[in-house]
Amino acid sequence: TLKTQLSHKADRKMLPTTNRYPLTNYTFGTKEPLFEKDPSVPARFQRMRDEFDKIGMRRSVEAVLLVHEHGLPHVLLLQLGTTFFKLPGGELNTDEDEVEGLKRLLTETLGRQDGVKQEWVIEDIIGNWWRPNFEPPQYPYIPSHITKPKEHKKLFLVQLGEKSIICRTKELQTCCCSII
253 TLKTQLSHKA DRKMLPTTNR YPLTNYTFGT KEPLFEKDPS VPARFQRMRD EFDKIGMRRS
313 VEAVLLVHEH GLPHVLLLQL GTTFFKLPGG ELNTDEDEVE GLKRLLTETL GRQDGVKQEW
373 VIEDIIGNWW RPNFEPPQYP YIPSHITKPK EHKKLFLVQL GEKSIICRTK ELQTCCCSII
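So for the sequence shown, my numbering puts the first residue at 253; every next one is plus one.
These are calculated hints, taken from the structure and not from any lab test. Certain hints may be false.
[Stated by the list, open to error] Taking CB as the label site, the calculated pair distances span:
#, residue 1, residue 2, range
1, Gln-298, Lys-422, 21 to 29 angstroms
2, Val-327, Glu-350, 39 to 47 angstroms
3, Gly-323, Thr-346, 18 to 26 angstroms
4, Thr-346, Thr-276, 24 to 32 angstroms
5, Leu-324, Gly-379, 17 to 25 angstroms
6, Asp-349, His-320, 26 to 34 angstroms
7, Lys-289, Phe-337, 17 to 25 angstroms
8, Glu-350, Thr-270, 12 to 20 angstroms
None of the values given here were measured: they were computed from a predicted structure. Glycine included, each C-beta is placed from N, C-alpha and C at the ideal position.
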């Protein structure tokens, strides 16, 4: 009936709109390399184990930066070497707010070095990943037998401005990956 149709329309919420701009709107520069905390993957997990005993579960954040290329949405990724790709982000400091921490990490990783402050617009949380052990596998849920996950990683959608300068360190390449 008409009344039922109207009530269903009223129940629908407007989803936020995220603007995507062409990749050509962005200028990519380079900056000095960042200090890498861990020389290897085993060292990273050993540091995670040591920190877990002191401060508990690691909290990490990553940014999903969308652009428009060849008529399709693409995600900006950082490439290290020829086979390793990752989203920009990293570990939060103890008691650091997630959004402020992500802004700090984006500025450290992709921010300009000429003194011009970059404005990062953090939108919604679009994913949660959990690391149950001190090993590489992560899951979008906490496995039922795990009572103390070792890491919680949140993925945030980050709105890029219409035009921007994005700087990356010399050892990283910026690449674009289609999501469709």
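Each hint tested on the structure:
no., hint, verdict
1, Gln-298 with Lys-422: 21 to 29 angstroms, "holds (27 angstroms)"
2, Val-327 with Glu-350: 39 to 47 angstroms, "violated (20 angstroms)"
3, Gly-323 with Thr-346: 18 to 26 angstroms, "violated (44 angstroms)"
4, Thr-346 with Thr-276: 24 to 32 angstroms, "violated (40 angstroms)"
5, Leu-324 with Gly-379: 17 to 25 angstroms, "holds (20 angstroms)"
6, Asp-349 with His-320: 26 to 34 angstroms, "holds (30 angstroms)"
7, Lys-289 with Phe-337: 17 to 25 angstroms, "holds (19 angstroms)"
8, Glu-350 with Thr-270: 12 to 20 angstroms, "holds (19 angstroms)"
Consistency note: the structure conflicts with the earlier hints numbered 2, 3 and 4.
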